[in-house]
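Each chain is listed here by its residues.
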Amino acid sequence: MAQVFPPGANWLAKWSILFAILGVTLVVGVASAVYWSPVVTQVGVHKKQPVPFSHQRHVQGNGLDCRYCHTSVETSPFAGIPATETCMTCHSQVLAGQEMFNPVKESWDSGQPMEWTRVNDLPDFVYFNHSIHVNKGVGCSTCHGRVDEMRLTYKAETLHMGWCLRCHEAPEKFIRPKDQVFNMAWEPPSDQLEQGRKLVQEYNVEVGQLLNCSICHR
Amino acid sequence: MNKMSTAHKSYPEALRPVGELIEGKQTYESITDSITSVVLERPNPPGWMLMFVIGGMFTCIYGMSLVYLFAAGTGIWGITMPVAWGWAIINFVWWIGIGHAGTLISAILLLLRQDWRNAINRFAEAMTIFAVACAGQFPLIHMGRLWVGFFILPYPNTMGLWPQFRSPLLWDVFAISTYGSVSLLFWYLGLIPDFASLRDRAKNRFAQLAYGTVALGWRGSARHWFRYEMASLLLAGLCTPLVVSVHSIVSFDFAVANLPGWHATIFPPYFVAGAIYAGFAMVLTLALPIRSWYNLKHIITARHIDLMAKITLATSMIVVYGYAAEAFFAWYSGSEMERTMMWNRIFGDYAPAYWALILCNFVAPQFLWIKWFRTNVYGLFLICQFVNVGMWLERYVIVVTSLTKDFLPSSWGTYHGTFWDWMTYLGTIGFFCFLMALFVRFVPMIAIHEVRVTHHKMTGEHH
Amino acid sequence: MSHYDNQGPSVFGIAAEYDDPDQLLKAARSAWDAGYRDMDAYSPFPVHGLAEAIGFKRTWVQLTTLVAGLTGAAVGFGTQWYATVVHYPYDIGGRPLFSWPAYIPVTFECMVLFAAFTTGFAMLIMNGLPQPYHPMFNIDSFARASSDRFFLCIEATDGRFKLDDTKAFMEKLDPKPIEVSEVPA
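Protein sequences, first through last, are from chains D, W and F. Using the numbering used here, the letters of the first sequence correspond one by one to residues 84 to 301. Using the numbering used here, the letters of the second sequence correspond one by one to residues 5 to 467. Using the numbering used here, the letters of the third sequence correspond one by one to residues 550 to 734.
Excised from the complex, chain D in its bound form:
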C-alpha cells in the first residue's frame, strides 16, 4: 500500500497551515489588544476607595480649586493628598453624621490618616515632578482628564512611557498659558501649534533635554 493518505488530506494539509497562521495572528492580536485595553492599563476604571469621594461634587458643585486640597502641586514633586483636617473644614458640619462618612470620622477621632487608593501611580523608577509641569504650562486636565466631571475618580490616560513621550518630544502640542493650568475646561485653540511654540519659548522649555533618559530615570 503506497498511498498513505486519502484524497481529502490535500485539502486538510493546505487549510491546516492557513489556519495555523491565522491562529497565531489571532493569538498575537488578542494578546496585544488586551495589553493595551483598560483590563491592563486601568484607564477609566474606578478604584475602590474608603469613601465614595466625588471630584465632580467638589469642583463643579462647590467650585473648589484643585489647590484647595492638592496644596503642594506648584511647589513640590508630589501634588499632595489632603489631610483629614482639610476635609473637616467643611465636613465637621456637612454629612458629618452619615454612615458613608464614617472612615473620615474615624480618622479624625484616632488621628490616623486616611488610606486612599492611588489612582494615578507611576513605577518607582520614574522621577516625576508636578511642580515643573504645572509651572511650565502643563495643565491638570492634560494628564488627568476632566477630573471635575468624575463622580468616582479614575485614570484618564495610560501613563505609559510612550504616552509621556508624546509631549516630551513635542511640548508645543500640549502646552497652555500658565493662567489656564487649573482651568479644567481649557481646550487647545485652533492655532495651538503656533501658540504652543511661542509658549515653549516664553517658558524656556528645553526641548532638547526632554528626551534624555535621566530627565525621568535618575
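Keep in mind that a hint or two might mislead.
Said to hold, decoys possible - A short list of chain D residues far from chain F (calculated; beta carbon distances all over 10 Å):
1. N93
2. F102
3. V107
4. S155
5. G163
6. A179
7. V202
8. G228
9. A239
10. H243
11. E285
Unchecked claim - Here are the computed distance ranges between Cβ atoms for each label pair:
12. W581/F with R46/W: 38 to 46 Å
13. L293/D with M147/W: 23 to 31 Å
14. T706/F with R46/W: 53 to 61 Å
15. R249/D with S337/W: 46 to 54 Å
16. V113/D with A75/W: 26 to 34 Å
17. N218/D with P245/W: 53 to 61 Å
18. P260/D with S339/W: 56 to 64 Å
19. F366/W with L293/D: 50 to 58 Å
Everything labelled a hint here was simulated from the structure, so no lab data went into it. Note that the coordinates shown come from a computational prediction; the quantities given were computed from them, not determined experimentally. Backbone N, C-alpha and C fix where the C-beta goes; we use that ideal spot for every residue, glycine too.
Please arrange chains W and F on chain D, whose structure you already have, making use of the hints.
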C-alpha cells in the same frame, strides 16, 4: 571517482586522501536501508542508551539550576564586578562557535562542490541547531529576568522605545536568531525527501502518518527536484555570508568594546576560524562513536574522517596565527595597557588557563599531520576532546584576563566559576546530547538523497 | 483492470518503471521526441537534465529570493533609520543620528532572513506542497520511488494520450522499462 583519486597523486604520501566516499559494494537500496533502518527498526545500541540517559539526567540538572537561578538571581554564579559576564558569555561563545560547522558543511562545501559533505551535512546541521539552541539560552538566562527578554526586539511597545541598534549585543540578537531559524529551515528542507523515504518504508501506520505529514507529500517529481535544487543552491548562497557574519558579530561583542585584549581588528576572522575549528571537532566527537554504533562506516567512511581532521588542522593553524597576532599587536602597539594585558595573560594569575589553551589548540592538533592520528578513531577522538576543551579555555582567557585587570588597578579583581556555573554549563552539554540522541533516533541522520547522488556519481554514466 | 475510455476520469496516466536514472533520462527524452508533453518523471534524488528533458526549463524561485532579499534589507535598514533618526532622535555627544555603518549588521541579517524563508516557502508553494495524496502513490511499486526506482508517467491530460497506444508506446521504449502500469486517478 578514479579521476578524483589520480588528481591527488602529486600530494605527499602522508597527506593523500584515504579510502572512498562510499565503501563496499552498495546499491541505492542498500544505502536507503542502512540509514532508514536506524529510525525504523529501532536498534538501541548501549552507547546510544548511555547518551540518552546521561543527557536526559543533565537536562534535568540544567532545569533545576535554571529554576534556582530565576528564584535566587544571577548572584548564584561567580559573576560580580569587574567580571560581569563570566561563564555565561564564555559558554555562549563556545556553543555558538560549535554551531558553525553545520552551515559551513552544508552551504560553503555545497558551493565548492565538495561531494564528501553529502554524508555528514545532515548530522552537522542537526548539531548546529542544537548548539545554537544551547548558545541562545545563555544571554537570556544571564539577564536573570527571562520574562523581559523580549524587550530586546523592536516591537510596538508601551514605552515608545527602540532597542539600541548601534550595539553589538543587539546585532547578536539578530545574527543568532536569523542563523538559528535559517539553519532550521535549511535542515528541514533537506529532510523532506528523506522523510518521504521513511514514509514509504515504514511498516507501522503511525510512523507512516507521522513521516508522511512532515514529508509534505514529496514524490520526487523532476519539476519538484528542479525547484528544490535551485532553492538549495540559493539557500547555500545566503548561508555562506550568514555563517561568516554570525561569528564576526559575536566577536564584535568584544572587539567593539575598547578594552585591551578585546579591541582588536583580528577578532572577526580569528573567531570565524575558531568557530569552524570547534565545530569540526564537535562533529568528529559525535560522528566517530555514532557511526560505529549504527554500522554506518561504509557511508561516513575513513575518507570523511580524514578530510574533517585535515580541516580541523588547517583551522587550528589559523587560530594559532590569531594568538600570535594578538601577542604581536600588544607589543607592536607600544601601548602600556596592551602590553600589560598580554603579559598578564601569559604570566599572570590566569597563566595556567593560557598555557592549557596553547596545549589544547596548538600542540594537540599538530598530531593531525600524522596520518595515523587522522585514521585512528581513538587517537582522533582524543585530539577532538583537547580541541573542545581548548576552545572553551580560549574564551575563558579572553573574557577573564581582560576584565579582571582593566585600566584602573583599583577595580582589579579575581573571578572563578561556582558550583552553579558548572551545573548550568554541564546541563547544556547534557541538553545537547539529549537532543542529539533524539535526533539520531527519529530523524535520518544522513542525507539519504544526497548520498544517492554521490553513489550515482561514482557508479552511473556521465553526461 | 478493464478497459477505460480515452481520457476517462479514472486513469491519471501510464507509468514506466526503471531501476536506473540514466535509463529514465533516455526514456523521458524519447517520450518528449514522440510528441508527449504532459508528463512527469520521478526519482529518489535529483537527476541532472531530467526536468529539462520533460520540458521544464525555468523556475522563478530565484526571483522571489531577490525580491525578498531586497525587501528584507529595506525593512531592516528602514526600521533602524526610522528608530534612530525620525522617531527617537537621541543626541549622544554630538554623534551623527544617521550612523549608517552601525546599521549594516542588522540590515544584512534581515536580508538573509527574509530571502531564506521566502526561498524555502516559494519552493514549496510552487511545487504545490504539501500534497500528501497524489495519484502516483496508487501504484504499489511507487513506494520505491523514494529509494531505488525511477518512474516516467505520461498523463491522461496529454493531447496525444490514448490508453492503449500510449501503453504500447511505453512498453516499447528503449531502454525497456521493468514494468508499465496504469495509474488509477
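Consistency of the hints with the structure:
no.: 1; hint: N93; verdict: violated, 5 Å
no.: 2; hint: F102; verdict: holds, 13 Å
no.: 3; hint: V107; verdict: holds, 15 Å
no.: 4; hint: S155; verdict: holds, 33 Å
no.: 5; hint: G163; verdict: holds, 33 Å
no.: 6; hint: A179; verdict: holds, 54 Å
no.: 7; hint: V202; verdict: holds, 29 Å
no.: 8; hint: G228; verdict: holds, 26 Å
no.: 9; hint: A239; verdict: holds, 25 Å
no.: 10; hint: H243; verdict: holds, 15 Å
no.: 11; hint: E285; verdict: holds, 24 Å
no.: 12; hint: W581/F with R46/W: 38 to 46 Å; verdict: holds, 44 Å
no.: 13; hint: L293/D with M147/W: 23 to 31 Å; verdict: holds, 29 Å
no.: 14; hint: T706/F with R46/W: 53 to 61 Å; verdict: violated, 43 Å
no.: 15; hint: R249/D with S337/W: 46 to 54 Å; verdict: holds, 49 Å
no.: 16; hint: V113/D with A75/W: 26 to 34 Å; verdict: holds, 31 Å
no.: 17; hint: N218/D with P245/W: 53 to 61 Å; verdict: holds, 56 Å
no.: 18; hint: P260/D with S339/W: 56 to 64 Å; verdict: holds, 59 Å
no.: 19; hint: F366/W with L293/D: 50 to 58 Å; verdict: holds, 56 Å
The structure is inconsistent with the numbered hints 1 and 14, although it conforms to all the rest.
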